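In order, the protein sequences belong to chains E and F.
Under the UniProt record's numbering, the first residue of the first sequence carries the number 1, and numbering increases by one thereafter.
Under the UniProt record's numbering, the first residue of the second sequence carries the number 1, and numbering increases by one thereafter.
Be aware that one or more of the hints could be misleading.
Because identical chains cannot be distinguished in the list, a pair is counted as satisfied if it fits within a single copy or across any two copies.
Stated by the list, open to error - Okay, derived cross-link-like pairs now, DMTMM-like style, lysine to aspartate or glutamate, Cα gap no bigger than 25 Å in a straight line:
hint, residue 1, residue 2
1, K207, E34
2, K215, D122
3, K184, E383
4, K207, E133
Note that these hints are calculated values from the structure, not bench results.
Being a predicted model, the structure only gives us computed values, none of them experimental.
Number of protein chains: 2
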Amino acid sequence: MSCYQQLEKHFKKLSRFNHLGAICGWDQASMMPEGGNDARSAALAELAVFTHQLLTAPELEQQFSEAEKEALTLDQQASLREMKNRWQQATALPESLVEAQSKAGSTCEHAWRTQRTENNWDDFKANLEKVVELSRQEAQIRAEATGLSRYNALVDLYEPGMTTEQLDVIFDDVKSWLPELIQKIQAKQQQEHVITPQGPFAVDQQKALSIEMMKLLGFDFNHGRIDVSVHPFCGGVPTDVRMTTRYDEADFTSALMGVIHETGHARYEQGLPKAWAELPVGEARSMGIHESQSLLFEMQLSRSPEFINLLAPTAQALFERHDDPALSAENITQYNTRVKPDFIRVDADEVTYPAHIILRYEIERDLIEGKIEVADIPTLWNEKMTQYLGVNTEGNYTNGCMQDIHWTDGSFGYFPSYTLGAMYAAQFMASIRKEMDVEQLIQDNNLTPIFDWLETNIWSKASTLTTDELVIQATGEPLNPRYFKAHLEARYLG
Amino acid sequence: MSCYQQLEKHFKKLSRFNHLGAICGWDQASMMPEGGNDARSAALAELAVFTHQLLTAPELEQQFSEAEKEALTLDQQASLREMKNRWQQATALPESLVEAQSKAGSTCEHAWRTQRTENNWDDFKANLEKVVELSRQEAQIRAEATGLSRYNALVDLYEPGMTTEQLDVIFDDVKSWLPELIQKIQAKQQQEHVITPQGPFAVDQQKALSIEMMKLLGFDFNHGRIDVSVHPFCGGVPTDVRMTTRYDEADFTSALMGVIHETGHARYEQGLPKAWAELPVGEARSMGIHESQSLLFEMQLSRSPEFINLLAPTAQALFERHDDPALSAENITQYNTRVKPDFIRVDADEVTYPAHIILRYEIERDLIEGKIEVADIPTLWNEKMTQYLGVNTEGNYTNGCMQDIHWTDGSFGYFPSYTLGAMYAAQFMASIRKEMDVEQLIQDNNLTPIFDWLETNIWSKASTLTTDELVIQATGEPLNPRYFKAHLEARYLG
């Protein structure tokens, strides 16, 4: 057995243990009764220790070094690159730091759940300072190992190859036109008369509607299922994707759009190539590319008037509201494309959303690079929210800088992926439009050619290409934010 | 850390991996879509290899030897005994044999699913011969390691301490009175006019009835749940017990009695002592004791007229059949205590059931000891079925010697546990009756004193005692089949 083959075998073994963890993690969030939590957490922690041991096994260094001298196909070279990347990321940090981060993160996150509702910045700040201090240490070590800047070394964990230099250009571009665009859209939408759908919408019917939409969007129920959890996610494994949602009887659109979003993630997972199953090169390319698929489904496809023409009759029939003007296709379309600057990122529309991300990006970048301190966050938050969205957050920590979970456990570098995803989605859709009449296909309920394009250009590529290569092969150019701008202008001002 | 403590740590780690396997196994049977099966099976097989490595780790031999010299409490000595027992059972067999058994077993079981429906004894026989040959090798090796006879060495895996010598005495006793008892009961029941409940019984209502009965029987829904699977079982972990059932719209009693049965297993698991969680000594004592709890719930408690008086009004209300004579308490009682010799073990009533077990016991004992061959099974089956139950199975392999899954994967030595369970249940109930008026308690819907007795005498003991010690402490004497006989006579002829 060659060293490359030994590495493949080792990483497949790792993948099988991760499979068990993914299913038990899904179960913990969606099925497990509360009383099972302590033992489950202990079992998952034991698994995490073991998979970390597998990923940092001493024999790997020699095997990687030998495998690089072996005659490998291009795909195998990509596979080796991805395995090595995982290994390097796992071995970079001393165990003592990983442990300290885990403790500080779970302490901060746990306390945050109460502190947020109490608007208690002072106590949260003390915990967050510890988390930031450890993340700065992590960034320093990763920067030395990779030659990247400190913040870039963290971004690289989620968005391999992406850098502050690119992000600054992209986000500065967005900042140059977004505030004005929001104002124009708001002015235009003032003319519209949108009716808010009035509940209750029975959970069983919402569930049936979700399943209808998942079928329409090609979700493979032989390789996945949908259940309920407090925080919706897309988990499981590519052969058995576990989507979750949360139904709100007062508003059927929140679960519905959430389900469509997760279906985009799910189809990416279900479309990953069987030939590279269980290997890092067979996994999704990056967080941003993953988000591009969920946003292509949720924003590009499903908020279009043509898609809502498919959706509305099903919703009217299931809820038995054929004559409810709130459930007309036109009203649902308007309701689902309403733009309004507000406090909360997760509730934001697709136009104001990038402002929430840019704000977080600028703060976490400077925080990790040591240019600002945790104490500076509330003031900066308020300044930027006021500047980008005209929203004042002074003294409002709950709906300001304490609203997200990400920083509590040290996930710095993740936020940019959301808006990169929206931009990739717009760029992919622009390329799809060059090959086919998207509106006509949706109108004909014939989405297959669109999914075929995604399967050919994105899903089946997994991580065989770098993100840049993937985007250039698929669209003819690297990431270009003009497609996102064009999409927003066409949809909201067109 | 003492060697005993090191062993505890090691076995707790093993238990956490088994936890992941139990949940993923439950998921495979109850939640997973078909398309997820290959990857799941690969993940569980990888886990099985790893847990076998843990259980046979080279350092354990030295640790056991040292730990036995350490100063230990009585409980710790029991804990050490149970850990050592697991280790010895796991290390006894060469890996080549375990692999060969796994292959032959899965080949035989897989083909059996088709061969059984086709009544194809000849092809099944060829596969079973390989399985038996390997089980004989296993029995020989375990016999040499333990000093037991070959068949006893297999029984010991399920019923530690139980031997053919005891089983022969017990089962010969049963054989001496069972055929006549069955005849008497049948003669008596000829007078009864029993109405078979007519479906359909909606699944949702059956589910609600199951949950009501589980609540009545004290199932802790904060540490467990109930779902659906093709083959009902009780899985999961003590802090999170996963029961399954299967609903038949034509007959609500099959799922109902199945649920009550599994609830007995579940309460044993939920009642295991927290102090010994994750250690072998904290697990259930044996298969027979486990079955005694399910049968105490299903047979002793729930087929009593007093319990059915609690159950019937709930069933009538849920199915909206207040005036259906088939759902009167009296009719359900008679319907659930009907005795009729028939082909199939799993469908047998509690009176004829032991005959099915004794027949299998006698055949598998002689098969493992080399006194008979696989080719002899059909003739022996027919002879014994005719002798014990008056049922002819000549040429009927499907409903004769090919009806069970157990032998297909080499689980020889397991069958006696079912009837031992029924006998332990009767003996425990006789002891409970000495302390309280069971009928009155059921009538008053006050089952707690009965459960308290079980918790004190059985559940909380886990594996701290041997089976004999457990039964003697609980009832004042070792296993005595006269309680089972007395129970049958009182219920069916009284």
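Status of the hints after comparison with the structure:
no.	hint	result
1	K207 - E34	both (24 Å within a copy, 21 Å between copies)
2	K215 - D122	neither (48 Å within a copy, 46 Å between copies)
3	K184 - E383	within (22 Å within a copy, 91 Å between copies)
4	K207 - E133	neither (44 Å within a copy, 53 Å between copies)
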